[in-house]
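Going by the numbering used here, the first residue of the sequence shown is number 1, and it counts up by one from there.
In case anyone wonders, no lab produced these hints; they're calculated from the structure.
Glycine is no exception: its CB is placed at the ideal position from the N, C-alpha and C atoms.
Hints should not be assumed to be uniformly reliable.
As the list claims (entries may be wrong) - Keeping only pairs whose Cα atoms sit at most 30 Å apart, straight-line, the calculated DSBU-like set for lysine-lysine is:
#1 Lys31 to Lys176
#2 Lys296 to Lys246
#3 Lys92 to Lys118
#4 Lys386 to Lys176
#5 Lys221 to Lys139
#6 Lys246 to Lys285
#7 Lys139 to Lys176
#8 Lys31 to Lys189
#9 Lys30 to Lys379
#10 Lys247 to Lys92
#11 Lys221 to Lys118
#12 Lys379 to Lys246
#13 Lys118 to Lys139
To be verified - Pairwise CB distance ranges (calculated):
#14 Gly272 to Asp374: 32 to 40 Å
#15 Val180 to Ile218: 19 to 27 Å
#16 Tyr378 to Arg201: 16 to 24 Å
#17 Gly250 to Gly272: 29 to 37 Å
#18 Asp81 to Gly53: 40 to 48 Å
#19 Ser187 to Pro72: 30 to 38 Å
#20 Gly53 to Pro204: 25 to 33 Å
#21 Gln220 to Trp123: 49 to 57 Å
#22 Ile50 to Lys140: 32 to 40 Å
#23 Gly53 to Ser347: 34 to 42 Å
#24 Arg358 to Ile192: 24 to 32 Å
#25 Asn124 to Ser151: 46 to 54 Å
#26 Gln220 to Leu78: 30 to 38 Å
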Amino acid sequence: MHTCPLALMGSRKVGGMNIYVRNLARMLGKKQNVQVDIFTRSQDACQPMISYGIGYGVRIIHIPAGPETVMPLGEVSLYIDEFTDGIDRFTKAESDGERANYNLIHSHYWLSGLVALKLSARWNNVPIVHMFHTLEKMKKLVALSDEGRESQNRLNGEMRIVDGSDIIIAATPAEKEQLVRYYNAASNKIRILPPGIDCDRFCPIPQENARLRLGISITQKIILLVGRIEPLKGIETLLEATWLLKKNYGETLPELTVMIIGGAPDADILEGEMARLLEMSYALKIDNLVTFVGAKEQALLPDYYAAADVVVMPSHYESFGMVALEAMAMGRAVIVSEVGGLAHLVSHGETGFHMPPRDAETLTSHLVELLSDDQLRYKLGVQAQKYAQQYSWQNISSYVQQIYSELDSK
1 MHTCPLALMG
11 SRKVGGMNIY
21 VRNLARMLGK
31 KQNVQVDIFT
41 RSQDACQPMI
51 SYGIGYGVRI
61 IHIPAGPETV
71 MPLGEVSLYI
81 DEFTDGIDRF
91 TKAESDGERA
101 NYNLIHSHYW
111 LSGLVALKLS
121 ARWNNVPIVH
131 MFHTLEKMKK
141 LVALSDEGRE
151 SQNRLNGEMR
161 IVDGSDIIIA
171 ATPAEKEQLV
181 RYYNAASNKI
191 RILPPGIDCD
201 RFCPIPQENA
211 RLRLGISITQ
221 KIILLVGRIE
231 PLKGIETLLE
241 ATWLLKKNYG
251 ETLPELTVMI
261 IGGAPDADIL
271 EGEMARLLEM
281 SYALKIDNLV
291 TFVGAKEQAL
301 LPDYYAAADV
311 VVMPSHYESF
321 GMVALEAMAM
331 GRAVIVSEVG
341 GLAHLVSHGE
351 TGFHMPPRDA
361 ETLTSHLVEL
371 LSDDQLRYKL
381 GVQAQKYAQQ
391 YSWQNISSYV
401 QQIYSELDSK
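Go ahead and model the full structure; you've got the sequences and the hints to work with.
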């Protein structure tokens, strides 16, 4: 409901879930012969109501609900009923006033999960498959301030979705355990299925070619972070590690560059986390080493991954960690926080390194180890690329279709 699968990666509230919905829908239509309608709240009055930009058998339908612009999540929740009514009207208009004729509803994130509950009740209890992507109770455990926490309304909503869904998809065994422990979810309704990767797009390409296209010197040592600009992503930990690298290893790493993809650093008015991080980079006197690149389209990301020597993901919490998987598929060694899905995805010492969240010293140590050892970096990258192949979207969509078939047989 709150975002569109065609939105620009790394912009506000746009991340792994957008990629997940877009690629799963594309592969369900292309390989599994499933007709998919994606309903999302309209954020631009000038865009067409129906888009066919994902691929065969897939429609994106923009439903007006509230102001047609990007808005904070807390405000989006005010338009759940209007969004639900809009979907219902659209489907009735297409079926001469009859109720929608869908076999199931597959909802993503808590806002859309609440919409799914309402639609299912109107549509003769059509079964619901739900994926949370993030859990508020887990975010509460790691947030240091109220900025990282949402309202009790979200917690209550997540509990209702757990109770009302027919099947819940968890990205990792850890997420399944969290759902059972913190939400009293019935274990037998949870299926573990990770997100996928577009192995045609994210595959190894020569670093020198990528750097040539991006205008980056082949002699530079590049550390890359890709993600939304928000406290949960742990970007300040990377800035602290950059300061330590400059202080203690400046002579051995003279051509160091840290690239951060996400957000809008060139906006006329900088606010929130972006403003704080830019101010921090100046205060630490590392602004000459750190480049905030801004949000980038998915099609451009492979060159950035290929240009990098190391990709870092120092998040405080991740239900899975799509960026790490993309980097691994590109043959890049990764350093990730040992939290949530990242701990499951990356094998310490085999495909990358783990670090405790908010631990700049450990991050620095692993960065020095990788940046100063070309053979180790290459070895971990090769092993990471090989491991990532099992997550192809063709494989994942086949498993999703099997989950859908469970509901057909009920």
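Here's how the hints hold up against the structure:
1. Restraint check: the Cα-Cα separation between lysine 31 and lysine 176 comes to about 28 Å, which is no more than 30 Å; the hinted pair holds.
2. Using a Cα cut-off of 30 Å, the hinted pair lysine 296 and lysine 246 holds, with the two alpha carbons roughly 27 Å apart.
3. Pair hint lysine 92 plus lysine 118 holds up; C-alpha atoms about 15 Å apart against a cutoff of 30 Å.
4. Restraint check for lysine 386 and lysine 176: the C-alpha separation of about 26 Å stays at or below 30 Å, so the hint holds.
5. Among the hinted pairs, lysine 221 with lysine 139 is inconsistent with the structure: their alpha-carbon atoms are about 33 Å apart, more than 30 Å.
6. Between lysine 246 and lysine 285, the direct Cα distance comes to roughly 9 Å. Compliance with the 30 Å bound is thereby established for this hinted pair.
7. Restraint check: the Cα-Cα separation between lysine 139 and lysine 176 comes to about 15 Å, which is no more than 30 Å; the hinted pair holds.
8. Annotation: proposed proximity of lysine 31 to lysine 189 holds, straight-line Cα distance about 26 Å (limit 30 Å).
9. Distance hint between lysine 30 and lysine 379 is unfulfilled; the C-alpha atoms sit about 35 Å from each other, more than 30 Å.
10. A distance of roughly 65 Å separates the Cα atoms of lysine 247 and lysine 92; the hinted pair therefore is violated under the 30 Å criterion.
11. Between the alpha carbons of lysine 221 and lysine 118 the distance comes to roughly 52 Å, so the proposed pair goes past 30 Å and is violated.
12. At most 30 Å may separate the alpha-carbon atoms for a hinted pair to count; lysine 379 and lysine 246 meet this at roughly 26 Å.
13. In summary, the hint linking lysine 118 to lysine 139 is supported, as the alpha carbons are separated by about 26 Å, within the 30 Å threshold.
14. A C-beta distance of roughly 38 Å is found between glycine 272 and aspartate 374, which places it inside the suggested range of 32 to 40 Å.
15. At about 50 Å, the beta-carbon gap between valine 180 and isoleucine 218 misses the expected band of 19 to 27 Å.
16. Between tyrosine 378 and arginine 201 the beta carbon distance is about 22 Å. The supplied range of 16 to 24 Å therefore holds.
17. Checked against the given bound of 29 to 37 Å, the beta carbons of glycine 250 and glycine 272, roughly 31 Å apart, stay inside it.
18. Under the hint 40 to 48 Å, the C-beta atoms of aspartate 81 and glycine 53, about 28 Å apart, miss the expected range.
19. Serine 187 and proline 72 have their C-beta atoms about 35 Å apart, which keeps the hinted 30 to 38 Å range intact.
20. At about 28 Å, the CB distance of glycine 53 to proline 204 agrees with the hint of 25 to 33 Å.
21. Separated by about 56 Å at the C-beta atoms, glutamine 220 and tryptophan 123 satisfy the suggested range of 49 to 57 Å.
22. Range check, isoleucine 50 to lysine 140: about 38 Å between beta-carbon atoms, so the 32 to 40 Å window is met.
23. The hinted window of 34 to 42 Å between glycine 53 and serine 347 holds, with their beta carbons roughly 36 Å apart.
24. Here the CB-CB span from arginine 358 to isoleucine 192 is close to 28 Å, well matched to the stated 24 to 32 Å.
25. Between asparagine 124 and serine 151 the CB atoms are about 32 Å apart, so this pair departs from the stated range of 46 to 54 Å.
26. Checked against the hint of 30 to 38 Å, the C-beta distance between glutamine 220 and leucine 78 comes to roughly 47 Å, which is inconsistent with it.
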